[in-house]
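S.K.: Sequence:
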Amino acid sequence: MELKDTPTHIESNEAGFDILIPNPDLHLATSGVVLVIGFLGIVGNTLIVFVKTRRQMASPTSCFFTALAISDLLLLCVIMIFSIYEIAMVGGNFSRTKGFVLVMMYLHRLFVTTTCWLTVAVAITRCLQIRCIPRLLVLCSMARIRIVCAVIFISSFALQTFQFLPVCIDTTDLGVTLFKVAGVMNLVFSFFLPFGLLVISNAFLIHQLASHRQVMLRYFNRSPMSKTSGQPRKATRSASSPETSTANSSLSSLPQRSCAPHLTSARLSGVSKKMQTSTDVKRVTVIVLATTVCLLVCYPFEAVVTYFSLLIGASDDTCYLQYLAMVLLVTNSSMNFLFYFTISCKFRRTVIGLIR
Numbered sequence: 000m001e002l003k004d005t006p007t008h009i010e011s012n013e014a015g016f017d018i019l020i021p022n023p024d025l026h027l028a029t030s031g032v033v034l035v036i037g038f039l040g041i042v043g044n045t046l047i048v049f050v051k052t053r054r055q056m057a058s059p060t061s062c063f064f065t066a067l068a069i070s071d072l073l074l075l076c077v078i079m080i081f082s083i084y085e086i087a088m089v090g091g092n093f094s095r096t097k098g099f100v101l102v103m104m105y106l107h108r109l110f111v112t113t114t115c116w117l118t119v120a121v122a123i124t125r126c127l128q129i130r131c132i133p134r135l136l137v138l139c140s141m142a143r144i145r146i147v148c149a150v151i152f153i154s155s156f157a158l159q160t161f162q163f164l165p166v167c168i169d170t171t172d173l174g175v176t177l178f179k180v181a182g183v184m185n186l187v188f189s190f191f192l193p194f195g196l197l198v199i200s201n202a203f204l205i206h207q208l209a210s211h212r213q214v215m216l217r218y219f220n221r222s223p224m225s226k227t228s229g230q231p232r233k234a235t236r237s238a239s240s241p242e243t244s245t246a247n248s249s250l251s252s253l254p255q256r257s258c259a260p261h262l263t264s265a266r267l268s269g270v271s272k273k274m275q276t277s278t279d280v281k282r283v284t285v286i287v288l289a290t291t292v293c294l295l296v297c298y299p300f301e302a303v304v305t306y307f308s309l310l311i312g313a314s315d316d317t318c319y320l321q322y323l324a325m326v327l328l329v330t331n332s333s334m335n336f337l338f339y340f341t342i343s344c345k346f347r348r349t350v351i352g353l354i355r
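For the sequence shown, numbering that gives the first Met the number 0 gives the first residue as 0, with consecutive numbering after it.
What the hints contain is simulated information worked out from the structure, not anything from laboratory work.
There may be inaccurate statements among the hints.
[Claimed, not checked] Pair ranges (Cβ atoms, derived): (1) Ile205 - Thr176: 39 to 49 angstroms; (2) Leu353 - Tyr319: 32 to 42 angstroms; (3) Arg347 - Arg143: 20 to 30 angstroms; (4) Arg282 - Met184: 34 to 44 angstroms; (5) Asp24 - Leu295: 30 to 40 angstroms; (6) Pro23 - Ala142: 44 to 54 angstroms; (7) Val187 - Arg347: 32 to 42 angstroms.
Here the structure is a predicted model, which means the values were calculated and not measured.
We put the beta carbon where it would ideally sit given N, CA and C, even for glycine.
Throw the hints in and build the complete structure from the sequences for me.
M.R.: Given below as structure tokens:
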């Protein structure tokens, strides 16, 4: 592959891997923006992994958030390596090889797929956690969450290998055709299906976010502890007995508020516990909702670029869409730390304590 004198495109001699650069200045500027956002995202996702793996942060949702941070971290590393290589290639220091392009495309699609499906999994898990509070430990145990994360990574690896294996074995037009057909199937399983699941789960999350307070209060009121915590025990003897009358007379001589503070504090502690639990549920749900909405906004551009690149090939329009999709994809992988740090007080305190 050689860099032409005209700054319109870079041609590759490999079939199916033509790389167009209609505006080298815009290409360099986009690569620079991607490097800056990607560096901040790597720092943020590294902090997420360190914080979410601590013992006080252990929960099924934190397990999904840790796997999502690892996937985003690996995706940002791949994108930054490719951006640095693109800057060096435009400068004339390196030439593009088919092996490097295939490896970067494979890793890029792999971690994009894992990020998308992990976001779907955390949204569905959050819906179950809010809706099925009494069976929470059974439905969303840590062992099941780890199994789901492992299945997502293994399935994404197999799906991407199925797409890239034909073009690695057969470099003729047949291999490129099989690569495009497998790419369309891959796009269905890695975009359209999770996109639909995210829309449905977000609708349930918004509905449950508006009604979760009533659900939690109803659950706490039905639990045995809430029925006995704030109520005094009934007297076992009748009030007409002489022992009871003597006890009542002795109690009447005591101050009127001797046992009232104990009952009042018990009731207030129960109410504050309910309020604190309800607030924590709301904050975690808002974090999940913000993460899924950010993915729904940023990921469609990546899917559009992949679809048009597979069907109609590279063009000036797909190049401009690719610049926008790359910036949005890096932004999506870098925003989770801001969501956690802004919304979750517990996460913010843990990060500040870890830095200090």
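S.K.: Now look at each hint and say whether the structure bears it out.
M.R.: Hint check:
1. Ile205 - Thr176: 39 to 49 angstroms: holds (43 angstroms)
2. Leu353 - Tyr319: 32 to 42 angstroms: Holds: the Cβ-Cβ distance is about 41 angstroms, inside 32 to 42 angstroms.
3. Arg347 - Arg143: 20 to 30 angstroms: holds (29 angstroms)
4. Arg282 - Met184: 34 to 44 angstroms: holds (39 angstroms)
5. Asp24 - Leu295: 30 to 40 angstroms: holds (31 angstroms)
6. Pro23 - Ala142: 44 to 54 angstroms: Holds - the Cβ-Cβ distance for proline 23 and alanine 142, about 52 angstroms, lies within 44 to 54 angstroms.
7. Val187 - Arg347: 32 to 42 angstroms: holds (39 angstroms)
Consistency with the previously given hints is maintained throughout, with no hint failing.
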